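Listed below are the residues making up each chain.
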Amino acid sequence: GESVGLHLPTLSVQEGDNSIINCAYSNSASDYFIWYKRESGKGPQFIIDIRSNMDKRQGQRVTVLLNKTVKHLSLQIAATQPGDSAVYFCAERGTYKYIFGTGTRLKVLA
Amino acid sequence: DTGVSQNPRHKITKRGQNVTFRCDPISEHNRLYWYRQTLGQGPEFLTYFQNEAQLEKSRLLSDRFSAERPKGSFSTLEIQRTEQGDSAMYLCASSQTVDGYTFGSGTRLTVV
Numbered sequence: 026g027e028s029v030g031l032h033l034p035t036l037s038v039q040e041g042d043n044s045i046i047n048c049a050y051s052n053s054a055s056d057y058f059i060w061y062k063r064e065s066g067k068g069p070q071f072i073i074d075i076r077s078n079m080d081k082r083q084g085q086r087v088t089v090l091l092n093k094t095v096k097h098l099s100l101q102i103a104a105t106q107p108g109d110s111a112v113y114f115c116a117e118r119g120t121y122k123y124i125f126g127t128g129t130r131l132k133v134l135a
Numbered sequence: 014d015t016g017v018s019q020n021p022r023h024k025i026t027k028r029g030q031n032v033t034f035r036c037d038p039i040s041e042h043n044r045l046y047w048y049r050q051t052l053g054q055g056p057e058f059l060t061y062f063q064n065e066a067q068l069e070k071s072r073l074l075s076d077r078f079s080a081e082r083p084k085g086s087f088s089t090l091e092i093q094r095t096e097q098g099d100s101a102m103y104l105c106a107s108s109q110t111v112d113g114y115t116f117g118s119g120t121r122l123t124v125v
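From first to last, the protein sequence lines are chains B and S.
Quick note on this note's numbering: the first sequence kicks off at 26 and runs consecutively.
Quick note on this note's numbering: the second sequence kicks off at 14 and runs consecutively.
So here's chain B without its partners, still in its complex pose (with noise of 0.2 Å):
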């Protein structure tokens, strides 16, 4: 299959421990950002979004901060699970398109 992220920072983490992953964004003028998760053989699938007017957003296990202050974005994981195990990429929007980060590959301990 396909190898996604060879070559990226790695995140190991222990089955049922909280994930933090980081990120930071290049313009301050940024008013929406996504985090996205990518399979092996899969595109990028949707986690969370948050705008520029929040700080902080929850979803299900998952929770997106945001300072603006420094640009930069985190992801937390409660309880992390083994179907959690992806590349995990932070965008922020741009006129017509996202721009991503690098990625950061999370690795599932059992």
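Read the hints as simulated data drawn from the structure, not as lab findings.
What you are looking at is a predicted structure, and each value in this text was computed from that prediction instead of being measured.
Take the hints with a grain of salt, since some may be wrong.
Said to hold, decoys possible - If the Cβ cut is set under 10 Å, some of the chain B residues that face chain S in the computed set are: (1) Tyr57; (2) Arg63; (3) Cys115.
Stated by the list, open to error - Negatives, chain B to chain S, calculated, CB over 10 Å: (4) Leu36; (5) Ala54; (6) Gln70; (7) Asp80; (8) Arg86; (9) Thr94; (10) Gln106; (11) Ser110; (12) Ile124; (13) Leu134.
Backbone N, C-alpha and C define an ideal beta-carbon position, used for all residues, glycine too.
Keeping the supplied structure of chain B fixed, place chain S upon it in accordance with the hints.
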């Protein structure tokens, strides 16, 4: 409707050959995007259509690349005279609004 569909899933071609990929977006989505992803990188924007109009093209899209969306539904991406550097995953996405995309599974191109 089962989401964004891309064909083929995999394509191996010899250097110098032409290839064409197809994307079928979610039917009610009028916005369609092409991205390219190489190992160790996030997806990079190539081009954007709103209905049949191509509104933006990245500088990554050289003269050998052309994309069309003739009836505002499916889109094709053609690469002429392929080079080894074209080897990548080509991703299509669609959306109804400016927020959030739905991606297809991609077409993996290998140029040998």
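Hints, one by one, checked against the model:
| no. | hint | verdict |
| --- | --- | --- |
| 1 | Tyr57 | holds, 6 Å |
| 2 | Arg63 | holds, 8 Å |
| 3 | Cys115 | holds, 8 Å |
| 4 | Leu36 | holds, 16 Å |
| 5 | Ala54 | holds, 15 Å |
| 6 | Gln70 | violated, 7 Å |
| 7 | Asp80 | holds, 19 Å |
| 8 | Arg86 | holds, 19 Å |
| 9 | Thr94 | holds, 23 Å |
| 10 | Gln106 | holds, 22 Å |
| 11 | Ser110 | holds, 18 Å |
| 12 | Ile124 | violated, 7 Å |
| 13 | Leu134 | holds, 22 Å |
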